[in-house]
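Sequences are here, hints too, so could you generate the full structure?
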Amino acid sequence: MTDIKNEEAGEKKSLNFIEQAVEKDLKEGKNGGKVQTRFPPEPNGYLHIGHAKAICLDFGIAEKHGGVCNLRFDDTNPTKEDVEYVEAIKEDIQWLGYQWGNEYYASDYFQQLWDFAIRLIQEGKAYIDEQSSELIAQQKGTPTQPGVESPYRNRPIEESLELFKKMNSGEIEEGAMVLRAKIDMANPNMHFRDPIIYRVVKHPHHRTGTTWKAYPMYDFAHGQSDFFEGVTHSLCTLEFVVHRPLYDLFIDWLKEGKDLNDNRPRQTEFNKLNLSYTLMSKRNLLTLVKEGLVNGWDDPRMPTICGFRRRGYSCL
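Oh and the sequence shown: position 196 is 196 in the UniProt record's numbering, straight run, nothing missing.
Warning: the hint list may mix true and false statements.
Restricting the straight-line Cα-Cα distance to at most 20 Å, the calculated cross-link-like pairs of lysine to any residue (SDA-like) are [to be verified]:
(1) Lys213 to Gly230
(2) Lys34 to Gln267
(3) Lys53 to Lys30
(4) Lys24 to Glu269
(5) Lys166 to His203
(6) Lys125 to Ile196
(7) Lys125 to Phe192
(8) Lys255 to Gln112
(9) Lys202 to Ser169
(10) Lys272 to Cys56
(11) Lys182 to Tyr218
(12) Lys213 to Gln111
(13) Lys53 to Val68
(14) Lys255 to Arg119
(15) Lys125 to Glu149
For the record, the hints were derived by calculation from the structure and aren't laboratory data.
Below, the structure is given as structure tokens:
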């Protein structure tokens, strides 16, 4: 009996904190006893070695618990995204030995997100702000000082609805107005201070073309996409810790108070991979490529997955 207990204790000890949380949820019967994760890259560059850690976590957690991991492209910024990156990301994931359950795009949910935004305006939880981005940023305040409410915060609901529709019809220029969630300008968490949830982008989208001109911001699209897909465990890096309360709030609003503690995604954060003397940012790596300092994304000197592959590394 003692040996069995020691064996169980050893097994529990070997679980990392994410696995322990998943095991706990399964024992409590949350989410119908299923595990579903997702890997949500933005198709604005090639994956690097830091993404490999996230891929192994997302796919590994699902695999270990008999669940499924979906691939979802976070394509909410058409000015930076391209089909080339979509195909490269899929190739890299498969080279690492993983296969996603379903392939999704944030753009699959543009209509649902739009409808949700309309509902928030109708409920007095969102409004159109016509101030400049600089002024909105100034009014946010600081972590120790409350923000200043926008003069448009209490504009009539019908007015906000009409302007929001114009944002998507092409009548409104980029930067002229945004849709903001009405939350709390004095909240200690800066992300709660009436965050921007929609802006105008007139650049054609690689999947939807010119159908949409009003695009959701990351914080408005991410959690809701998780919810629409039935994700149970949403794994993110540590910079999203401060975003988690907003992630949870939007899902609360989306669920309209029904079964708030079950059948919902839960965000858990882990430390991103950092290597000394190595650039670990798609933005910086893109600069190297554009300025001709390297011979493309798969240059053997690059810390990209395709760079390691070209260098002769095996995924095993």
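Tested hints:
1. Between Lys213 and Gly230 the CA atoms are separated by roughly 27 Å; this puts the pair beyond 20 Å, and the hint is violated.
2. Only pairs whose Cα atoms come within 20 Å are accepted, and Lys34 paired with Gln267 is accepted, the gap being roughly 16 Å.
3. Our distance criterion of 20 Å between C-alpha atoms is broken by Lys53 and Lys30, whose separation comes to about 26 Å.
4. A threshold of 20 Å between alpha carbons decides the hint, and for Lys24 with Glu269 the separation of about 17 Å falls inside it, so the pair holds.
5. About 16 Å separates the Cα atoms of Lys166 and His203, which keeps this hinted pair within 20 Å; it holds.
6. The straight-line distance between the Cα atoms of Lys125 and Ile196 is roughly 12 Å, inside the 20 Å bound, and the hint therefore holds.
7. This hinted pair checks out: Lys125 and Phe192 have alpha carbons roughly 12 Å apart, not beyond 20 Å.
8. Annotation: proposed proximity of Lys255 to Gln112 holds, straight-line Cα distance about 13 Å (limit 20 Å).
9. A distance of roughly 10 Å separates the Cα atoms of Lys202 and Ser169; the hinted pair therefore holds under the 20 Å criterion.
10. Under the criterion of a C-alpha separation no larger than 20 Å, the hint pairing Lys272 with Cys56 is consistent with the structure, at around 12 Å.
11. Restraint check for Lys182 and Tyr218: the C-alpha separation of about 17 Å stays at or below 20 Å, so the hint holds.
12. The suggested pairing of Lys213 with Gln111 holds, with an alpha-carbon distance near 12 Å, which does not exceed 20 Å.
13. For the hint pairing Lys53 with Val68, the CA-to-CA distance comes to about 17 Å; that is within 20 Å, so the pair holds.
14. A hinted pair counts as satisfied when its Cα atoms are at most 20 Å apart, and Lys255 with Arg119 qualifies at roughly 12 Å.
15. Only pairs whose Cα atoms come within 20 Å are accepted, and Lys125 paired with Glu149 is accepted, the gap being roughly 14 Å.
Figure legend: structure checked against the earlier numbered hints; hints not met, in rising order: 1, 3.
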